[in-house]
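**Student:** Let chain D serve as the given structure and place chain X on it in line with the hints.
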Amino acid sequence: MRRGFASPLGRLGASLLAVLLSVLMALPAQALTSRNPIPSAVRVTDETACTGVFEVVAQPCTGLFCAANPIDRSDPSGHDGTGTLGGTLVVGGGMSILAGLQLPAISGAQVWAMAKIGVTAIAIAATLRGDRSTNNTMNVMRLQLQEGTQWHYWSVGIERPANPGVTRKDVQLSLTAMWTALQLLSNLDWENDNNWDKFDTFGRWEKQLGSAVIRMSIWVGTHGPTDGSYRTVHQEYADPTDETTPRIDLENVRGVNLSR
Amino acid sequence: MNEETESLFKDLKSSNVERQMEAALALAFLLERALWPERYDSTHQLVLPEELLRLRLEDSAALENALARTCNALKMPTISLGAKITLSTVLGRTGRATCVKAILELLESECESLTDEAASGLILSIVPSISFTYPRDLLRSSIDEHHTVTVLEKLADRRSERLNDPLTRLQSCISKLSKPEE
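Protein sequences appear in the order of chains D and X. Quick note: the first sequence, position 145, residue 144 per numbering that gives the first Met the number 0, numbers continuous. Quick note: the second sequence, position 64, residue 63 per numbering that gives the first Met the number 0, numbers continuous.
Be aware that one or more of the hints could be misleading.
[Stated by the list, open to error] Quick list of simulated restraints, FRET-style, between CB atoms:
| no. | chain 1 | residue 1 | chain 2 | residue 2 | range |
| --- | --- | --- | --- | --- | --- |
| 1 | X | A155 | D | D241 | 20 to 28 Å |
| 2 | X | E107 | D | R259 | 34 to 42 Å |
| 3 | X | A60 | D | I217 | 30 to 38 Å |
| 4 | X | S140 | D | N162 | 26 to 34 Å |
| 5 | D | S258 | X | E111 | 42 to 50 Å |
| 6 | D | S210 | X | S14 | 46 to 54 Å |
| 7 | D | D238 | X | E17 | 37 to 45 Å |
| 8 | D | D238 | X | A155 | 36 to 44 Å |
[As the list claims (entries may be wrong)] A few chain D residues facing chain X, derived, Cβ under 8 Å:
| no. | residue |
| --- | --- |
| 9 | K206 |
| 10 | G209 |
| 11 | I217 |
| 12 | T225 |
Hints were generated in silico from the structure; no laboratory data involved. Model, not experiment: these values are computed from the prediction. Using N, Cα and C, we set each Cβ at its ideal position, and we do this for glycine too.
So here's chain D without its partners, still in its complex pose (with noise of 0.2 Å):
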C-alpha cells in the first residue's frame, strides 16, 4: 500500500522536524552551541510538549539567505544569494543548520543529534511563551505538498504581521525548510516506515519535486500581491504536464501578502 507522511508515524516525523527547523531557523546561531536563552520570538502553543504544535512570531527578514534556488543555494536570478554552499542548508543570517553535511549523506545519529538540540530549544521556548499570536489581525499563507485529494504529505503556516505581510522571502525560506525537512525524513528509519524511497510514488518524484521547489521559489519571487481572501495562490506540479502528480501548493490564508 502506498504510504504517506499522513501516516500516523509519517506525521510524528513531520511533526518534529518541522518544529525543529522552524526553532533552528528562528534562532540565533550560538543558540544551537551553547546554553544561551533563545529568544521570545519563538512561541509554542499549550500542546506542544505533547505534539509539537508550533508557532514561530515574525521576525524581520534581514540577513536571511533567500536566494531563488532554495535547494543548493544558487540563485539564478542574481539577487539576494551568498553563493553555492554545494548542499548546504543555510538560514537565518548566514547560520547554516547542516553545516558540513552533504544532504543525501547525513545519517540517522547526525539527525537525532539535531533533534536534541531541537527538543532542548523547545523545551527552553516553552518557558518564554507570551499569549498566543492566534487572532485576527496576523495573515497568514501556507505552504503544503499534497498529491490528488487524499495525499497530505506536508503543511506548515507562515504568519506576520500585516504590515508587511507575508513577504516573498518568507515564503522562499518556508520551501527551504520543507525541502530540507523532506530530505532529512529520506535518511530517517522511522521503523522502516518512512522512508523516502519506501514511497512508491514520492521517491519516484524526488528530483522532479526538487525542480517544482525551484521553480515556485522563482515564481513566489516575482508575483505578489495577494488579495485578501483565502485561496490557492499557486501550484507547481512534480511533473507540470500533469496534474495528478505530487504538487505544492502556496495558500493565501488571511491578509495581502506577498507584497515585497
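**Tutor:** Only chain X this time, still in chain D's reference frame:
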C-alpha cells in the same frame, strides 16, 4: 448541527464583510478538519481561536449538511465574492461533483466581475482534484450546464499572464475528462 457551527453560518450572512470573511475561513477550516480528520495542520492553530479549534462536526450527516449549505452559500448575492472564493478553496478539494458544480456555477455567474487573481484562485481550487472528482457523469453535465468551456475561453481572451497557467491546466483537465475512460 451544533450551535457554534450555526453561528458561523449566521456570520457568513452578516452585513459586515470582515465578519463574513472570518466566518468563511473558519468554516473552510472546519470542513477541512472534518473531511481529512487524520491530518495534522499547524495552520489551523495559527488561524482559529481556541473555541473554534475545539469545534467539530458531530458526524457524517453533519458534514454532508455543512457541505450542502456551503455550496448553497456560493449562490447567495449577499455573501461577498471573497468569502465565496474562500469557501470554494475547500469545496474544490472534496472530490465531490456536487461541490465542483457549485464552483462552476459561481465561475459562470461571476466571470465578468472576477479579477484575474480571484479567477485564478477559483480555477486552482478545481484543477488538482478534477481527475478525482465523482460521479463523473454529474461532473461532465455540470461543465456543460454552466458553459465552463466557454467561460474559460472568455477568461483566456483577457490574455492575462496571471491566468494563463491555471486556465491551460483546467482546459487540459476538461479535455481529458471528455475522453472515454480506460
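**Student:** Tell me the numbers of any earlier hints that the structure contravenes, in ascending order.
**Tutor:** 3, 4, 5, 8, 9, 10, 11
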